[in-house]
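Chemist: Spelled out from the first residue to the last, the chains are:
Number of protein chains: 2
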Amino acid sequence: MTGMAHKGRVLMIIMDGLGDRAVPEFSYRTPLQKARTPNMDWFAQNGSSGIMDVISPGIRPGSDTAHLALLGYDPYEVYAGRGPFEAAGIGLIGRKGDVAFRCNFATVDDDLVVTDRRAGRVKEPDTIELVEALQSLKMDGIEVIVGLGTEHRAALILRGEGLSSDVTDVDPHDHVRIWECKATSEKGERTADAVNEFVAAAHRILRDHPINVARKSKGLPPANILLPRGAGSFPDIIPFPEKTDMRSACVAGVGMIKGICGICGLDVLEIPACCTGGTGTDMIAKAKVALEALDEYDFVLMNIKAPDLSGHDSLADQKVEVIEKMDEMFAYIRERLPDDLVVAMTADHSTPVSVGDHSGDPVPLTIYSRHMVRDSCKAYNEADCGEGRLGRIRGKDLLPIVMDMANRSEKYGA
Amino acid sequence: MTGMAHKGRVLMIIMDGLGDRAVPEFSYRTPLQKARTPNMDWFAQNGSSGIMDVISPGIRPGSDTAHLALLGYDPYEVYAGRGPFEAAGIGLIGRKGDVAFRCNFATVDDDLVVTDRRAGRVKEPDTIELVEALQSLKMDGIEVIVGLGTEHRAALILRGEGLSSDVTDVDPHDHVRIWECKATSEKGERTADAVNEFVAAAHRILRDHPINVARKSKGLPPANILLPRGAGSFPDIIPFPEKTDMRSACVAGVGMIKGICGICGLDVLEIPACCTGGTGTDMIAKAKVALEALDEYDFVLMNIKAPDLSGHDSLADQKVEVIEKMDEMFAYIRERLPDDLVVAMTADHSTPVSVGDHSGDPVPLTIYSRHMVRDSCKAYNEADCGEGRLGRIRGKDLLPIVMDMANRSEKYGA
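Heads up: the sequence lines are chains R and W, in that order. Just so we're aligned, residue 328 is where the first sequence starts under my numbering, counting upward by one. Just so we're aligned, residue 328 is where the second sequence starts under my numbering, counting upward by one.
Treat the hints with caution; some may be incorrect.
Intra- or inter-copy, both count: the list cannot distinguish identical chains.
Unchecked claim - Quick list of in silico lysine-lysine cross-link-like pairs, BS3-like style, CA-CA up to 30 Å:
{"id": "1", "residue 1": "K652", "residue 2": "K738"}
{"id": "2", "residue 1": "K570", "residue 2": "K723"}
{"id": "3", "residue 1": "K450", "residue 2": "K543"}
{"id": "4", "residue 1": "K738", "residue 2": "K514"}
{"id": "5", "residue 1": "K509", "residue 2": "K738"}
It is worth saying that the hints were derived from the structure and are not from the lab. Owing to the predicted nature of the structure, the values given are computational and were not obtained by experimental measurement.
Let the sequences and hints guide you as you build the complete structure.
Modeler: Structure representation (structure tokens):
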């Protein structure tokens, strides 16, 4: 630990999918360049900026691998499928050796052909009773845990000896017969058998369940099957608070982000209902939760999902609006900056409106603290940040840098 | 080797702890930004600049690991504790398999409780006689070498079969009973026994030594024990002159830096007494030694300790003064630049005055030679260099870059 210096706190603000590309209709500027962002720019003017390859140059990150990197983990070491993060996102945090799956409640006919992949977007309270009914399901030597997600979504954890995530999806993603789960390596054979047994057993329980009888009588598609996909193993990682010696929390609306942070050992804080995670979300309410959390935590990760949604929907004007709304949130933060706070403003990946999906473009980064060297970067965007003094770093470098700025890193050598 | 081009010489100037952070009282500039440095800036204007993570982004380097990186070694491969560098710094350069320790002469009472960790800052000529007395110490199968440091400091080398640095300190760093040396792995058991045997045998020799009898009669604390700490193995490295095919020397005042350079096979040059290593040091005298050494050597590393001292003492104004004094040294060098010289101006780490210790902030870097591409960087400091064309490099990249500028690197491929 640093000798005399006071240890600071860290606020990492992840603007999901913020990075973009030149938009011809915007005179070849990005949505972030077009938007009026005096407050984000203030942080750039009073800090140091750069660009960041969250995984490595040109690699398109998922939100899950990206957040792992931003938390200082090497995703190539610890990431093994999306299932565990989805499961954790709805509160099912498994342990090493568990295999987790994302699931959909769906409707199949008598030949197991999918007729509605979301069972008419079945939701609570129906799904609560159906998930409850599945808890009675017993399998030989394997424990089955089913968790309820939003609407038709659920998660499945299989727990037992010799399980592996080397198995294929059951969800055919189309109106065809459900797929048989198959092992993709010898290690996956026991798991593939267990998944097929689970799907069949769950189908028997759901098929004749009173909830589904009632749905059919109302003309609604029955939620008569659960379709697992995205098998993944829970990573064996050093919990973030242990690794960093920081009391750590996350403020996020999206299940998967909450799941990643939960698996990494961060406390997942409750946010008010007005923080919808959508483009109409109340960002200032979220920032309030994050700033108040700094009374109890040394490290807070805040994820704002809205810019990613506009990127996926290719809505350039909406992305500009979302960014300008975020800028008001930065005004709120700027007016309440504690002296010891290190603020990192960045994104988990770019979601360019011209692509409609994640891209491997580097993301803008500004690091602010009272003691941060000030460079000549005057505006927070993909172009200006790229000329700042932080240069071009990797996502996994961000945590060591902000921890050092907060006087929280160990000396290597004497 | 490069075909036609003349091989140049290299002067690497390491301004210890130079890098800093924004100082609020300096209008958020760093000491280096505040200082008037026309000569350092001249080098920036006539060379290329960048910033450097001496180990990797956000990692706080020790002076030892940093200098290893600057000499092109991977500290994660070759660094195993401070002991060998301290020993080498006082002229005890061991060989592979040796285990070295830093030691203090201290005063203990009859119960081996430390009453003065520095034995009243005992010094020469007392320590010369005491160290001499310890040379007679024989141990079964293990050779013992004790070297004299400054004041109460000494170094210990154990040489023999099956030794390891996996042992704990004897120095309790406090006024309590001395610690028993313990193995931290099975490999360290033989060494731990040897250390405990050495400490006891040395205590028997020192306790009744005439020097200590005399000290007691004068009311001075007797230097009646030697307390080892910081066990380290001598690294098994390719000597720098062999690795680089450059006749190489170091000009440094600080023992540990001399030790690192000595272990790496650089000739450690004598410097005049006016080069104290303190903030009042005569830097021009040191530069004179370095420039004259270039008559005989291809590579000279010069370390200037003063800025690090001001950083550790959190004296921002003093750091500015030290930097302006260094700038006069750069005027001296600039007036005497040989045509073939490549000059690298950088630091081994930052020692921000607001931290009072090493930090992981990147350090400024300018590389000058007559043939270096000139970028738009006009001032040598943490902010401007960060926007120069060298970008953001790692410490281990510096040596290959300057060797290449000196037309001394091997071609990779055809």
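Chemist: Reference check for the pair K570 and K723, CA-CA at most 30 Å: within, between, both, or neither?
Modeler: both (14 Å within a copy, 26 Å between copies)
Chemist: Using 30 Å as the alpha-carbon threshold, which applies to K450 and K543: within, between, both, or neither?
Modeler: within (15 Å within a copy, 87 Å between copies)
Chemist: With 30 Å as the alpha-carbon cut-off, assign the pair K509 and K738 to within, between, both or neither.
Modeler: Result: close only across copies, 23 Å inter versus 49 Å intra.
Chemist: Classify it for me, K738 with K514: is the Cα-Cα distance of at most 30 Å met within a copy, between copies, both or neither?
Modeler: between (42 Å within a copy, 25 Å between copies)
Chemist: Check K652 against K738 for me: Cα-Cα at most 30 Å, and say if that holds within a copy, between copies, both or neither.
Modeler: Classified as between: cross-chain Cα gap 29 Å, same-chain 40 Å, threshold 30 Å.
In this structure, none of the earlier numbered hints is contradicted; all agree with it.
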